Amino acid sequence: MSQPSTSPPKFTGPAKWFDDRLGLGTLGKKQLRKVFPDHWSFMLGEIALWSFIVILLSGVFLSFWFKPSMAEVEYMGSYAQLRGMHMSEAYASTLELSFDIRGGLLMRQIHHWSALLFIAAMFAHMMRVLFTGAHRKPREINYIIGALLLVLGILEGFAGYSLPDDLLSGTGLRIAEGLIKSIPVLGTYLSFWVFGGEFPGNDFVSRLYIVHVLLVPGLILALIAAHMLLLVYHKHTQYPGPGRTNQNVVGYPLLPVYMAKAGGFFFIVFGVTALMGAMMQINPVWKYGPYNPAEVTAGSQPDWYMGIAEGALRIMPGWETELFGYTLSWNVLIPGVVLPGVLFGAVIMFPFLENWVTGDKRDHHLLERPRNAPTRTAIIVTLMTIYGLLWIGGGNDIIAEQFSLDLNAITIVLRVLVFVGPVIAFIVTKRICLALQRADREKVLHGRETGVIMRLPDGEYIEKHAPLAQGQMWRLTAHERREVLADPATEDVNGVVNPGTRKQRLRARMSRFWFGDDVPKPTRRELEEAHAHADGHGEHGGHEVEGAHGEEPHELEPRH
Amino acid sequence: MTDKHTDGTGGQVEVAGRDSQVGVASAQADPVPDPGLPPHDPRPTDIDEGLEKRAERQVAGMFGLATLLILLSCVAYLFVDIHGTFLNFNASNFAIGTTLGLGLLLIGMAAVQWAKKLMADHEIIEDRHPVASSPEDTATVLSAVKLGAQESGFGRRKMIRNSLFGALGALGLPAVLFLGDLGPLPGNLPSRTIWRRGMRVVNDVTGEPIRPADMSIGQLVNAEPDVLVENEEFDSPGEHNLEGTALLNAKAKAAVILVRMQPRDITAYPTRTNWGIDGILCYSKICTHVGCPISLWEQTTHHLLCPCHQSTFDLANNGEVVFGPAARSLPQLPLALDAEGFIIAMSDFHEPVGPSFWERGGEEDVSP
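Protein chains in written order, with my numbering: chain A, 373 to 932; chain B, 278 to 645.
Take these hints with a grain of salt, some might be off.
[As the list claims (entries may be wrong)] Just some of the chain A residues that point at chain B, by a computed CB distance under 7 angstroms:
#, residue
1, 496
2, 553
3, 556
4, 568
5, 614
6, 619
7, 622
8, 639
9, 843
[Unchecked claim] DEER-style ranges, computed between Cβ atoms:
#, chain 1, residue 1, chain 2, residue 2, range
10, A, 474, B, 636, 46 to 56 angstroms
11, B, 573, A, 875, 53 to 63 angstroms
12, B, 423, A, 673, 32 to 42 angstroms
[Claimed, not checked] Keeping only pairs whose Cα atoms sit at most 27 angstroms apart, straight-line, the calculated DSS-like set for lysine-lysine is:
#, chain 1, residue 1, chain 2, residue 2
13, B, 394, A, 406
14, A, 815, A, 802
15, A, 406, A, 439
16, A, 659, A, 607
17, B, 393, A, 607
18, A, 406, B, 393
19, B, 393, A, 402
By construction, these hints were calculated from the structure, which means they are not laboratory data.
None of the values given here were measured: they were computed from a predicted structure.
C-beta: ideal position from N, C-alpha, C; glycine also.
For reference, chain A alone in the conformation it holds in the complex (with noise of 0.2 angstroms):
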């Protein structure tokens, strides 16, 4: 320290070098040390980032056997049970790398498994986002990029998983042939163009190919670097806790902790999908044998990700009608065009709704607790729970089979929860929701449950509550306060009434359906007189709330 000779320090050798031409120093200066906050919730966006990286790694690997031509040809390779037989190079080439070259299958189990686990791990963190509330302002467009994200996760696969031209994957093309010529007018134009002619033809493996390794993934990698720009320009959002305010961030650094931790759990997903790709057999292509278009397995189920679209499909019921001598298809155009669409720009749309129903213009950077934002969370769940009954749907041969179900009482039964089921979700969600809220305002009122029970002298029986740390209250008690907007109705001095505009009462109305119900946190005041309350009982020895006696109440401290 005393030496006048230190100077700072200075690049040398390479790293000046590279300083010189590409400014490193200044750009290193704002990231290094950059903070993140620590939750295992923030975790699940990590496994989707790290799953898809490990689809490219083992997907350029599949690409340097694997042949994207429908070519006929007689397999001539080591799986004897197809030795002679024709079929396309694509599904040779597939069965090749399976049985004929190291580290083949291997390779193609982990590309599958974690194009699974990335789509998964995609839903599982959008649904974090939602739950507490981080799609809201500043957020919005990230919100987005996050949703195109997970739609072109979902195309990818399904790309993806046509390419081996195997029995069950030229049926799933089948059925998407299926659903584009229900688009009305132009639908058999647009399957013509997609498959070169008619189905199958000879050009989807090769179209599907490019779409797969170039088009799409080029999309996805750059989306990936926008969301993560975005992250680091807004830095994360964080859970309320003693100290964490909107306007800071409080975690680790970038260096050295979370280049540790994110790296490390790099290497966690890599080997984990590497494990099941060992141990798990996935879409063992050689037992379906190649596509032929008049053959199907009874039973074939898509990619899990693919299973509300089934669900959805099935129970639909069958709906056609003629019109001027031309053909609308209901029964598939709304499960399989009108209906992703319209769920999907649910999504989308979600922030703006909720948005104009708060009316909340601010920056929001601290995170919200699901109970705290009671119709949000109910909505989410209503969505999940038409999510999860059209996933059951796709399954309801499997189900009907394995529990020796009747299959179309399923689907009838299905056909009705899918309306009823949302309805009930919302409402069981929404007061689960509050009541959580009043146990949670319970609790800073009075003080945790300690399961002590004591008797009076009286004869009555009292549970001893022990006082919160002023840090747990404080979590408690860190969200917002939220107001109904006000009734537009006015009445001017000669008493006429003013009705307000119509959107002004339908904003109004929606304000008190999103807020109307939220249990007030405890003010202050409120919290001074449980606690004055409390020391009622104190004549009788029973303090409800240690410590609270003449004392300001935030300075409350737990007793031992």
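Could you slot chain B onto chain A? The hints should help.
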């Protein structure tokens, strides 16, 4: 900009202060103030040197074991037989996968353990800055944009601007049109199949033609038109069987099922009374829902179930839909016998097979 700052700062107090009832602000205030970041709790590894050393050994041990396993995976790649089996697993896949997977997992676990046990765990507070630009930046940018518009005359020279928009807009046309050759125009292809009058209905595996006597009551045969299946015994010398894409495309529409029921169980439409032979009827195998080949046959009820979406058709009643998402009956192929007594088609289907499409038309006759 100013409200940006007030908005968040002490957000709770701020919101409470805005409450409608005047004078209750203090009563509405948060019950407790933010106690601030709790003091740092040292971890066991921070205070106990023995534990610290142990954590260090754990981390290094995991990295070391990972190295070993990764090398082992190379050994597995080189020396485990790719066609061998181990506990019903593919031996090579299992050996490479488990060693590599465990190696990767250990690298990850070691890194996380290192971060959690040994790296400094002091929480750091970083201030947030407003996401929106500062007023100075906004002003600078706006004046730059204005200057740019002025200097280019973008706003003033409307003719240039509009013609530019026109040219760029026109580019959209070739971008779409040039994809025109992605596929041919459908024409009436989707409405027709390869079936023609006199074409034999043959077993889809053996290619053998079928006589009514070959089928027992309740039996279902997956069948194809003669030209799609090779059979040396029955193919005429010059017969040209389809191959490759042409074969698959034809099969995708022409696949049929032949069923034999008790003639008294069948209630045929008046126009279809002569479409069967002694209770043998022929239906398209392609589901009218989204085109899966239908294959699950329930003899006793004469129902045919699609394995994809469970549409159920009654084959004794003209292929009408009994349950499920399909809207239309299975198209029926009228049958006859040729001179040698084999089952043949009387014509193509009288309506398009497979899933509905916009131009499929009503029930009019599309046969030649």
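Checked hints:
1. At its closest, the beta carbon of residue 496 (chain A) sits 19 angstroms from a beta carbon of chain B; the interface hint therefore is violated under the 7 angstroms criterion.
2. For residue 553 (chain A), the interface hint holds, the least distance from its beta-carbon to any beta-carbon of chain B being 4 angstroms, beneath 7 angstroms.
3. Contact between residue 556 (chain A) and chain B, as hinted, is supported at the beta carbon level, the nearest pair being about 6 angstroms apart and thus within 7 angstroms.
4. Interface restraint check: residue 568 (chain A) against chain B, minimum CB-CB distance 5 angstroms, threshold 7 angstroms, status holds.
5. The beta carbon of residue 614 (chain A) is positioned within 7 angstroms of a beta carbon in chain B (closest approach about 5 angstroms), and the interface hint is therefore held.
6. With its C-beta approaching chain B no nearer than about 5 angstroms, residue 619 (chain A) sits inside the 7 angstroms limit, and its interface hint holds.
7. At a threshold of 7 angstroms, the smallest CB-CB gap from residue 622 (chain A) to chain B is about 5 angstroms, leaving the interface hint in force.
8. At a threshold of 7 angstroms, the smallest CB-CB gap from residue 639 (chain A) to chain B is about 3 angstroms, leaving the interface hint in force.
9. For the restraint placing residue 843 (chain A) at the interface with chain B, the shortest Cβ-Cβ distance is roughly 5 angstroms, inside the 7 angstroms limit, so the hint holds.
10. A hinted range of 46 to 56 angstroms holds for the C-beta pair residue 474 (chain A) and residue 636 (chain B), which are about 52 angstroms apart.
11. Between residue 573 (chain B) and residue 875 (chain A) the Cβ separation comes to about 55 angstroms, which falls inside the hinted range of 53 to 63 angstroms.
12. At about 60 angstroms, the beta-carbon gap between residue 423 (chain B) and residue 673 (chain A) misses the expected band of 32 to 42 angstroms.
13. Using a Cα cut-off of 27 angstroms, the hinted pair residue 394 (chain B) and residue 406 (chain A) holds, with the two alpha carbons roughly 20 angstroms apart.
14. Of the supplied pair hints, the one linking residue 815 (chain A) and residue 802 (chain A) holds, its CA atoms being roughly 20 angstroms apart against a limit of 27 angstroms.
15. Only pairs whose Cα atoms come within 27 angstroms are accepted, and residue 406 (chain A) paired with residue 439 (chain A) is rejected, the gap being roughly 45 angstroms.
16. A C-alpha spacing of about 49 angstroms is found between residue 659 (chain A) and residue 607 (chain A), which places the hinted pair above 27 angstroms, so the restraint is violated.
17. For the hint pairing residue 393 (chain B) with residue 607 (chain A), the CA-to-CA distance comes to about 22 angstroms; that is within 27 angstroms, so the pair holds.
18. In summary, the hint linking residue 406 (chain A) to residue 393 (chain B) is supported, as the alpha carbons are separated by about 18 angstroms, within the 27 angstroms threshold.
19. In summary, the hint linking residue 393 (chain B) to residue 402 (chain A) is supported, as the alpha carbons are separated by about 24 angstroms, within the 27 angstroms threshold.
Of the numbered hints listed earlier, those contradicted by the structure are 1, 12, 15 and 16.
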